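Given chain C's structure and the hints, the job is docking chain Z onto it.
Spelled out from the first residue to the last, the chains are:
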Amino acid sequence: MPMRILVIEDDLDAAGYITKALKEAGHLADHAPDGLEGYALASEGNYDVLVVDRMLPKLDGLSVIRSLREQKIDTPVLILSALGQVDDRVKGLRAGGDDYLAKPYAFSELLARVEALARRRAGPTGEATSYRVGDLELDRLSHNVTRAGEEIVLQPREFRLLEYLMRNAGQVVTRTMLLENVWDYHFDPQTNVIDVHVSRLRSKIDKGHATPLIHTVRGAGYMIRDGAR
Amino acid sequence: MTALGKLFRSTGFKLQAIYLLLFVLFAGFVIGYVGWNTRQVMDSQIRDTLEAEIRGLSEQYRVGGIRRLVSIIDRRTREPGASLYLVTTFAGEYLAGNVDSVPLDILDRPGVHETFYSPEDETGPRSREAMAHVFILPGGFRMLVGRDLAERERLNEVIREALLLSLGLVTVLACIGGWFVMSRVLKRVDGMTETTRTIMAGNLGGRLAVSGNGDELDRLALNLNAMLDRINELMNGMKEVSDNIAHDLKTPLTRLRNRAEEALRNARTDEEYAHALEDTIEESDNLISVFNALLTIARLEAGNTPSSGATFDLAETARSVAELYEAVAEESLTPVVVEIDPGLSLPVAGSRELAGQALANLLDNAIKYGAAEGTNAAPIVISAGRQRTADGRDMAVVEVADHGPGIPEAAREQVLERFTRLESSRTSPGFGLGLSLVAAVTRMHDGRLTLGDNAPGLRVAFALPLAPLSDTITPPSASGQAAQSS
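First to last, the protein sequences are chains C and Z.
Heads up: the first sequence is residues 1 to 229, going by our numbering.
Heads up: the second sequence is residues 1 to 486, going by our numbering.
Just chain Z, with the same shape it has in the complex:
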């Protein structure tokens, strides 16, 4: 695109052109209106003067006849600033006046005319414009009284000049304004375009310049920068995930392969083969569940919100998950104590399924890692309630507290990352995805996950924003054959 073409296409230029046109029309209208009205006033004044003179002269004619009229006109023509006078016979022969010639035909038509004339004292055919009143006197004499229109012409001239001058001024101002807008605004927009181009070309660290005066372009730049930050974050997340997957899935895959190979080499009996195959299936099931957890986390972090719009009761979810794990917990000698008021209801907008899975992961962790050292039967306590955050949001909070070794403060951020496992838990089964999933579910619901100290033990607070009171709780989906009694 040429520089000129670019100029014509730019938004600033179009805006300027439109404003220029509007200003020109406005100025033209104002000046034209004033000029036209002034001219009307002048014309009617001239007409009135001519009318009065005609009346006076015809009165003189009536009193003193043609001789007296001629003498009066002779006298008047000698006065300075005199009007134009012409008296002729009915045939157009000159009798008196200061007009040398007028178009003959107008003398036969009484009334007011705008016409050309040649003044008596001038030589040559120079004709001038005049407004003339023709009157036919009794006896067939023609009398013409007129006024030179040079004055009116001068006014026209002034108005025309004013018009041209103002149009010129408006145009110059518009051009200066346009140049200002283009050089400031368009240069910034072009700068943004240029920056985004380099970002698209791979410079993901690039950010748009922000001038700091808080105008629309700054707001746009700030939003675009925030968007780029988010994209960068997601990209880094993706990269991290793929690195983690490469590292942490290769290990079980290698184990799987080794087992199959070993069975092929060493197994002799059908039973041994069957056993090896069962191990293989179990190992691949583990891998599948890791994949599922990873996919769920990735989806949640990508901002896909399943079953959005639904509302569920977090207190009910906590009770049912606790109930699901109660039996296992008792078997492992760390009973779960539910401290949730049976009448408590905590409506939360989101997915019951995901919240349930998050709570299940928390309880699962508490049972696996939260056993008290030494003393048996130190219970895992699950409690629920409402809480108002510092920034005034009402939250539904479910807390899971155990009496295990807890998580050192320094590691609390880290355990939320994918595939993080603390040294102390390396030996127990797991992949380090449980808390990452809880964190992802919390983020998706715009909630808050806090790992705290239970002295001793870990206290996890899983807080999701409470739904507005007007929302009614949609009952958990009755999936097919769910019993009607409960």
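Here chain C stands alone, though its shape is the one from the complex:
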């Protein structure tokens, strides 16, 4: 399902690159070169996600977000910023942003986050109590995980990891998204800690089954999906 995305970014090169890549990924992308125009477009157009640079001419990114939130426009916002520090992230989220991505970033990271934001908006309100991907089932209340009717025993953190993957089934989740959402850390872990956790989870989920569910997306991250689809 294509999404309508508004990119508010004053760097024309970067904006051109993002909109082009978003279109290649099958989405509709508009571009606003400054805060005022971005605010006008965002408050009129029916966008699924806004990508907002923090430093913008005329009206800065955080003010754009604050104004939109005051107008009760709750389109999910991904903040882009050259400032990657902890306190900047906190400021951004406090202003009403939904996610924060420090420059420079990989486009795959941006795409994964934008899609996650849009899906969260489009998805059913409230959390589902159970998820299902192929023959894999996860019950969030009883913490029960079964594949083809067979129970799989998971550590608490593995359960959260699988839960997050399944909530975003069919979508790419990046390593940093996993670190942020499963461990609540935002730093760069340097080593491949996340990969090892995923591969352990994968061995528990996919071992002995013909169709693997957890897939590695090269250069981006991971995705859980029904292999038969």
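It is worth saying that the hints were derived from the structure and are not from the lab.
Given the structure is predicted, the values throughout are model-derived calculations rather than measurements.
Accuracy of the hints is not assured; some may be wrong.
Claimed, not checked - Capping the alpha-carbon separation at 20 Å, the derived lysine to aspartate or glutamate pairs in EDC-like fashion look like this:
| no. | chain 1 | residue 1 | chain 2 | residue 2 |
| --- | --- | --- | --- | --- |
| 1 | C | K103 | Z | E283 |
| 2 | C | K103 | Z | E282 |
| 3 | C | K103 | C | E151 |
| 4 | C | K204 | Z | E323 |
| 5 | Z | K368 | C | D60 |
To be verified - Simulated coverage check for chain Z against chain C, where a stretch passes if three residues somewhere in it have a Cβ under 8 Å from a Cβ of chain C:
| no. | stretch |
| --- | --- |
| 6 | 75–81 |
| 7 | 288–301 |
Said to hold, decoys possible - Only part of the chain Z face toward chain C is listed, based on derived beta-carbon distances under 7 Å:
| no. | residue |
| --- | --- |
| 8 | E353 |
| 9 | G356 |
| 10 | Q357 |
| 11 | D364 |
Each residue gets a CB set at the ideal place from its N, CA and C atoms; glycine is no exception.
Same frame as chain C, but now just chain Z:
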């Protein structure tokens, strides 16, 4: 500014002027009050004397008539130190007394007057001041009894002199005091101004003179010197950082450039190009993470304290970071053993994110460099607890101990510096920023980082001050989609 203008503007001068004014007002008030009261007392005494004499003389008149009065007055005027007397007819004609003339009109007005008169025995129009009581006798005779006021005038004179003298004295003392203050204090302040000017002009080694007597100016000078030391330290740090950046970032940048160039020259197939580009991206990602680490360290050292005021549980942080690295550690055959009591809670004021990153760096180092030689599976132990330092501060301590080659004692300070890598680890990936970041996080939290010997291996103690018990732990920020189950 002229020397005089400078004088008038100086704080010392203003203070002196205010004190001088206050002293002058005070002295004037005291002397004036005493003088005025003395005069009142003298006046009332004179009045009483005059009253008594009038009463006595009018009694004599009543008994012996005008003739007797005149004779008594004649006798009295001859006595030494006599009062002033004048008896006239109702028309003002002289009958008796020692007063030559008085203003005519007062003789018609009974009562007490202050007036001028000419004494009888003096020649010339010299008039003197007197207090005179005029009484009209039955029969129309006017009788005046008075007292010369020269005595009172002398008192006034004395008081005036005392006033002038004391004002002069106060002024002289104030000037001496002012000169003392200015020459001592202001000279020192001017000296400080001069020194700061040379420091601003670039002499960063300059320091303010401290006299050693511990007064306000000394305290100010000591604080300013400490501030200058800190500034100098930061400047040197900055210089060091920029030198390091120049040196250590040029290397990977050169490598990046060389690779791109080589691909352009040698790559033939699309696959080869794609491979070269992937390498380039990977290399630039490395550079970005170095930049991020450098920026974080620089920010922490600049004293920017993110999320100040928040409190987090260091024991929970240690457990979750250990859990994050457990899987990797097992893969690399150096398992992580968590020796943290599940019920332990170590509230610390600061940033969970930064403490987590510091602990992650320590574990990362332990996994990379802390593998035991020869024997496999010598575990990395992470433990946590409370500790009281020698100076009585309660600390939350997380220790990470490995069984690797350790760090020689001589190099333990050095490894905390940016871009320091020991010879033995040159071949493994890394930039030498991990421990520098840990050190910066520790400093920012006013904590303590100790590198010790695990015999064999390295034992790092990461200690942050415990938050006061009253502080409650704020739960880690629920970032967006964090699962509610755990």
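| Broken hints, numbered, in rising order? | Violated hints: 3, 5, 6; rest satisfied.
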